[in-house]
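K.L.:
Sequence:
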Amino acid sequence: MRYDGHCRYLTEAEAKAHGDQPSVVRLKVPEDGSTVVHDAFRDPITIEHGQIDDQVLLKSDGYPTYHLANVVDDHVMEISHVIRAEEWISSTPKHLMLYHAFGWAPPVFMHMPLLRNADRSKISKRKNPVSLRYYERQGYLPEALLNFLALMGWSMPDEREVFTLAEMIESFSFDRISLGGPVFDLQKLEWLNGMYIRQLSPAALSERLLENARAKSRLLDDNAYVDAITPLLQERLRTLGDFQDMAAFFYDTPLAYDKALLLPKGRNPREAVKVLTEVAEVLTRHAGPWQDAELEASVRAYVEGAKWPGRDLFMTLRTAVTGRTASPPLFATMQVLGRDLCLSRLEDAVALLQK
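Residues 1 to 355 (UniProt numbering) make up the sequence shown, in order.
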């Protein structure tokens, strides 16, 4: 609703007659003419005064509204450039009128394009998570999120998409701002975050994972175990939050899975029981270090005399020790799980097949 101008034309005497009543101070917009907004990213924008309301500047309690406070604050702080969302273009004539009324030179105005959802709708604080803390808790690295946001309406001169803050500062220029309405693409953010995760050292990533778990009140009580798991999952992680699901089989006891996953195509439970029992015997007799290369050598030696092809046997073994048909490298995973847990899970798999 627009102000109806009820008090706009009061005489001084009429105003004094109502002096004991609460009142506000408004911006008196000229009835005719227009104001031209000079935006550094756009051609001049002309807004007719008939479209501009007599904005409240001081409320009845004496407190300033945003528009007055914003102009005064920017002037006092000697702000040279006002960079804000394009939704503020329609308010800029009010601000220009205030600068003129105070006799102050206005700053340079730059109105950035609004971030959009994939359907091109405006991102809303009521419907979309906009808190940086939210994205941090979800496992997005601050440096990745900063890189992603920098790409929202701007690009590097060489068009590369992964860059540091220092590289951005060195290359930044306003003439590379695009007004096309950048899309906040979560898939792109996940891809970019994964790139940053893979650039970390395993030790640095392990520390980030522990920090993320603590922020969610989830304790990973064995830091050395996390350190051992991290290199196995680093290439697969898109966010720090992915670690909980991807690493669950390292912690879950017992594993829960469908026994059908233990059976390659054309194989029956009796055959799978025989193979897993024999593999367990091989691993029980394994006298060397419980390390991936030695474990693989022992199992491959068994495969050479087995009736199952290695592909089928490894699939069944992987499912037995992880509960999944896809996992990090099998024998590196077994090394981290350790002898006792691997042998225990093989026993569990045999028992499951015999039910």
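Worth flagging that the hints you see were computed from the coordinates, not collected in a lab. Glycine included, C-beta positions come from ideal geometry on N, C-alpha and C. One should not assume that every hint holds.
Calculated pairs, DSSO-like style, for lysine-lysine (alpha carbon to alpha carbon, straight line, at most 30 angstroms) [said to hold, decoys possible]: (1) 127 / 259; (2) 122 / 16; (3) 274 / 259; (4) 216 / 259; (5) 259 / 355; (6) 265 / 355; (7) 188 / 265; (8) 188 / 259; (9) 16 / 28; (10) 216 / 188; (11) 188 / 125; (12) 28 / 59; (13) 259 / 307; (14) 127 / 188; (15) 216 / 265; (16) 274 / 355; (17) 16 / 59; (18) 125 / 216.
Taking CB as the label site, the calculated pair distances span [claimed, not checked]: (19) 51 / 19: 45 to 51 angstroms; (20) 127 / 36: 33 to 39 angstroms; (21) 214 / 84: 34 to 40 angstroms.
K.L.:
Each hint needs a verdict: does it hold in this structure or not?
P.N.:
Hint-by-hint comparison with the structure:
Taken as a hint, the residue 127 and residue 259 pair is broken in the structure, with Cα atoms around 42 angstroms apart against an allowance of 30 angstroms. For the proposed pair residue 122 and residue 16, the alpha carbon gap of about 47 angstroms is over 30 angstroms, so the pair is violated. Using a Cα cut-off of 30 angstroms, the hinted pair residue 274 and residue 259 holds, with the two alpha carbons roughly 15 angstroms apart. Among the hinted pairs, residue 216 with residue 259 is inconsistent with the structure: their alpha-carbon atoms are about 33 angstroms apart, more than 30 angstroms.
The hinted pair formed by residue 259 and residue 355 meets the criterion: a straight-line CA distance of about 10 angstroms does not exceed 30 angstroms. Straight-line distance between C-alpha atoms of residue 265 and residue 355 comes to about 19 angstroms, which keeps the hinted pair within the 30 angstroms bound. Taking the CA atoms of residue 188 and residue 265, the gap is about 37 angstroms. The hint is violated against a cut of 30 angstroms. With a C-alpha separation of about 37 angstroms, the suggested pairing of residue 188 with residue 259 is violated against the 30 angstroms cut-off.
For the proposed pair residue 16 and residue 28, the alpha carbon gap of about 19 angstroms is at most 30 angstroms, so the pair holds. Proposed proximity of residue 216 and residue 188 is supported: the alpha carbons are some 24 angstroms apart, at most 30 angstroms. At most 30 angstroms may separate the alpha-carbon atoms for a hinted pair to count; residue 188 and residue 125 meet this at roughly 20 angstroms. Distance check on the hinted pair: residue 28 and residue 59 sit about 15 angstroms apart at the alpha-carbon level, within 30 angstroms; holds.
Of the supplied pair hints, the one linking residue 259 and residue 307 holds, its CA atoms being roughly 21 angstroms apart against a limit of 30 angstroms. The suggested pairing of residue 127 with residue 188 holds, with an alpha-carbon distance near 20 angstroms, which does not exceed 30 angstroms. Taking the CA atoms of residue 216 and residue 265, the gap is about 41 angstroms. The hint is violated against a cut of 30 angstroms. Using a Cα cut-off of 30 angstroms, the hinted pair residue 274 and residue 355 holds, with the two alpha carbons roughly 15 angstroms apart.
Between residue 16 and residue 59 the alpha-carbon distance is near 18 angstroms, which keeps this suggested pair within the 30 angstroms criterion. As the CA atoms of residue 125 and residue 216 are separated by approximately 23 angstroms, the hinted pair is consistent with the 30 angstroms bound. Distance hint check for residue 51 and residue 19: the Cβ-Cβ separation is about 32 angstroms, which falls outside the suggested range of 45 to 51 angstroms. Our hint of 33 to 39 angstroms for residue 127 and residue 36 holds, since their Cβ atoms are close to 35 angstroms apart.
At about 36 angstroms, the beta-carbon gap between residue 214 and residue 84 stays in the expected band of 34 to 40 angstroms.
Taken one by one, the earlier hints fail for this structure at numbers 1, 2, 4, 7, 8, 15 and 19, listed in ascending order.
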